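Heads up: the protein sequence lines correspond to chains A and B, in order.
Mind the numbering: the first sequence is residues 123 to 467 in our numbering, read in order.
Mind the numbering: the second sequence is residues 123 to 467 in our numbering, read in order.
Just so you know, these hints were derived from the structure itself, not from any lab.
It is possible that part of the hints are untrue.
As the list claims (entries may be wrong) - Derived Cβ-Cβ restraints for the label pairs, each shown as a range:
{"id": "1", "chain 1": "B", "residue 1": "388", "chain 2": "A", "residue 2": "223", "range": "33 to 39 Å"}
{"id": "2", "chain 1": "B", "residue 1": "224", "chain 2": "A", "residue 2": "441", "range": "36 to 42 Å"}
{"id": "3", "chain 1": "A", "residue 1": "369", "chain 2": "B", "residue 2": "376", "range": "57 to 63 Å"}
{"id": "4", "chain 1": "A", "residue 1": "212", "chain 2": "B", "residue 2": "150", "range": "44 to 50 Å"}
{"id": "5", "chain 1": "A", "residue 1": "369", "chain 2": "B", "residue 2": "213", "range": "27 to 33 Å"}
{"id": "6", "chain 1": "A", "residue 1": "161", "chain 2": "B", "residue 2": "213", "range": "32 to 38 Å"}
{"id": "7", "chain 1": "A", "residue 1": "174", "chain 2": "B", "residue 2": "224", "range": "27 to 33 Å"}
{"id": "8", "chain 1": "B", "residue 1": "376", "chain 2": "A", "residue 2": "465", "range": "43 to 49 Å"}
To be verified - Sample of chain B residues lacking proximity to chain A, with all beta carbon distances greater than 12 Å (derived):
{"id": "9", "residue": "158"}
{"id": "10", "residue": "175"}
{"id": "11", "residue": "216"}
{"id": "12", "residue": "218"}
{"id": "13", "residue": "286"}
What the hints assert, rightly or not - Only part of the chain A face toward chain B is listed, based on derived beta-carbon distances under 8 Å:
{"id": "14", "residue": "210"}
{"id": "15", "residue": "352"}
{"id": "16", "residue": "427"}
{"id": "17", "residue": "428"}
{"id": "18", "residue": "431"}
{"id": "19", "residue": "434"}
{"id": "20", "residue": "435"}
Remember, it's a predicted structure, so these values are computed and weren't measured experimentally.
All C-beta atoms, glycine included, are put in the ideal place defined by N, C-alpha and C.
Each chain is listed here by its residues.
2 protein chains.
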Amino acid sequence: MTLSSAPNPTAPNKTAPPPADSRERASAMLKQLQDNICQGLEALDGEAKFQEESWERPEGGGGRSRVIKQGGVFEQGGVNFSEVWGDHLPPSILVQRPEAAGHRFYATGTSMVLHPRNPYIPTVHLNYRYFEAGPVWWFGGGIDLTPYYPFEADVVQFHRTIQETCDRHNPAYYQVFKPWCDEYFYLKHRQETRGVGGIFFDYQDGQGLLYRGPDQGKGADQVSQSIGELPQRSWEELFAFSQACGNSFLPAYVPIAERHKNDEYGDRERQFQLYRRGRYVEFNLVYDRGTIFGLQTNGRTESILMSLPPLVRWEYGYTPEPGSIEAKLYDTFLKPQDWVNWPTA
Amino acid sequence: MTLSSAPNPTAPNKTAPPPADSRERASAMLKQLQDNICQGLEALDGEAKFQEESWERPEGGGGRSRVIKQGGVFEQGGVNFSEVWGDHLPPSILVQRPEAAGHRFYATGTSMVLHPRNPYIPTVHLNYRYFEAGPVWWFGGGIDLTPYYPFEADVVQFHRTIQETCDRHNPAYYQVFKPWCDEYFYLKHRQETRGVGGIFFDYQDGQGLLYRGPDQGKGADQVSQSIGELPQRSWEELFAFSQACGNSFLPAYVPIAERHKNDEYGDRERQFQLYRRGRYVEFNLVYDRGTIFGLQTNGRTESILMSLPPLVRWEYGYTPEPGSIEAKLYDTFLKPQDWVNWPTA
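Looking at chain A on its own, in the form it has when it is part of the complex (with noise of 0.2 Å):
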């Protein structure tokens, strides 16, 4: 090999070829994220084990399917993991990623929807994936959390914990995906975000910018000018940095599960809690790219929509009363927020 065809070791490119066992390694490395998620779930639950099914996609590949249900802290709770490959990647995809164009793909990932019974335990999402086709690869996820009752004090230790995982592996992380979060979780119509966010990133290849796709902007008015650039990395890196995030959701999350489990609430609070869930269903069956695209697809039905809260609210012209803890929820928590810097007392 002359020195001018030799890949620079220090700088991978978008042409930088994986690590043979890549794909192995990624699907290896999101099966055990499913299964850490749920055991660590399962103890936090005290009374319900999942279930799983597996099940396999005609044109290839499969998964395996976890819900979680009338337990003593979730209502309703689904973990899935699918690795699928296939002759070509849908339009919407090569849009963003030309090259993939002729190529055969393989995608594997793992995601998340837990819908708590208690209204002050927030709804929370997670969803790690990665993609090959062709001389292109990517990683892409994120994780958000939906209040319905909010405290401060669980937001702020939500995004910190989440921080400082993407600190470990490089500081600009935190500071370009919480604002692509934000953009993506985003009610147009309600202007709303989903919830108080966390990180979202989609077609990490290691390049040195940042990709943002022509769908990302919803709500980029408010936040697209926070957004940075990324050094370039390598796709051991961005492996590490997948696995790091997946693995932070516990810590991130089951603290607040536990110190609100046993919090008592009434009609109320349930009312609204239903009502609110309204607002997930929304944002998955008008905006989600994955529920659509699934939807539209030949995805497995059952498994896409387990994220669907398990029972849920309409009510026509609903407001929050003017200074009432709900309000509250709308005035201060569904708005984009310096959450990791908030003034807690």
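With chain A fixed as given, assemble chain B onto it according to the hints.
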């Protein structure tokens, strides 16, 4: 006017202008429809009254939204009238009507969704609308029925009432608009129709050929071969047809609700109704063009989402027990059927 430039009075074509007072007549007809429907439904309900909210659209126009809640028959129902105008139609409509590009538009419509409490009474949806934009105008709309615990005789009566109305205007209407409804209200990801259908039509501008847009056809392989052609029709004919369709709602639906409003039911029926209402949410948020367009632009969210049920349930992996009454809904009623010729006892 010379003979050569005179419009042919017996053959309206796509450039035939509407009457000078077309907008006033269309909006007055649709407002009257809202009034008639609300009056008939209040009489049926016996307990609750519609509450009205008038609203204005900053870009031009407005509407009056009417909601009935916690009634004797209706757990929730909404009947909206709106009349809006603006600089240009959205791209999704311009694809279907390129002649409208660069012209201001006018649109008026009445839409309705009713969610009865008793699971033996079906949910029902109606929408009739009228558009103008530069050289083009068209009527659209339809009605469809979504039972939970269906009765064949109800479904047959519903379809025959609609068919009779259609036949009085054009014997081809029902045979074209009935399968169009089956196609439109189809949940591809569930491989189910939303309910037992009714009629649906769009872009009816009097041209001889039936226009079927590129996004028609989710379930096309099942029904589109039965869709025929329509003769040329005048604005007056289409106006009268839309009005007659609107007026046929009460005779098509009220007898069904009257028959079942005192039927006894228990928790099993209630739980199944709440579960099936989830399909209504899935359809409206994932597929319905009007809902998605309204949400992603600047529609009045509360009026658009008035169609969502007051209480909804999702359950991972639910399938009805084979041979049960719930299974019969899936096996017989959630597929396109020739209801007007159904061999009922």
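Against the structure, the hints:
1. 388/B <-> 223/A: 33 to 39 Å: Given a distance of about 56 Å, which is not inside 33 to 39 Å, the answer is violated.
2. 224/B <-> 441/A: 36 to 42 Å: Holds - the Cβ-Cβ distance for residue 224/B and residue 441/A, about 39 Å, lies within 36 to 42 Å.
3. 369/A <-> 376/B: 57 to 63 Å: For residue 376/B against residue 369/A, whose Cβ atoms are near 60 Å apart, the range 57 to 63 Å holds.
4. 212/A <-> 150/B: 44 to 50 Å: holds, 46 Å
5. 369/A <-> 213/B: 27 to 33 Å: Distance hint for residue 369/A, residue 213/B is violated at roughly 44 Å.
6. 161/A <-> 213/B: 32 to 38 Å: violated, 49 Å
7. 174/A <-> 224/B: 27 to 33 Å: violated, 57 Å
8. 376/B <-> 465/A: 43 to 49 Å: For residue 376/B and residue 465/A the Cβ distance comes to about 60 Å; the hint is violated.
9. 158: holds, 22 Å
10. 175: The claim is violated: residue 175/B sits with its nearest Cβ about 7 Å from chain A, within 12 Å.
11. 216: The claim stands: residue 216/B keeps its Cβ more than 12 Å from every Cβ of chain A (closest is about 20 Å).
12. 218: Holds, since 20 Å exceeds 12 Å.
13. 286: Label holds. Min Cβ-Cβ 34 Å, cutoff 12 Å.
14. 210: At about 20 Å, which exceeds the 8 Å cut-off, the nearest Cβ of chain B leaves the hint on residue 210/A violated.
15. 352: At 30 Å from the nearest chain B Cβ, residue 352/A fails the 8 Å test, so the hint is violated.
16. 427: Cβ of residue 427/A sits 7 Å from chain B, so the hint holds.
17. 428: With a closest approach of 5 Å, the residue 428/A hint holds.
18. 431: Since the shortest Cβ distance to chain B is 7 Å, the answer is holds.
19. 434: holds, 5 Å
20. 435: holds, 5 Å
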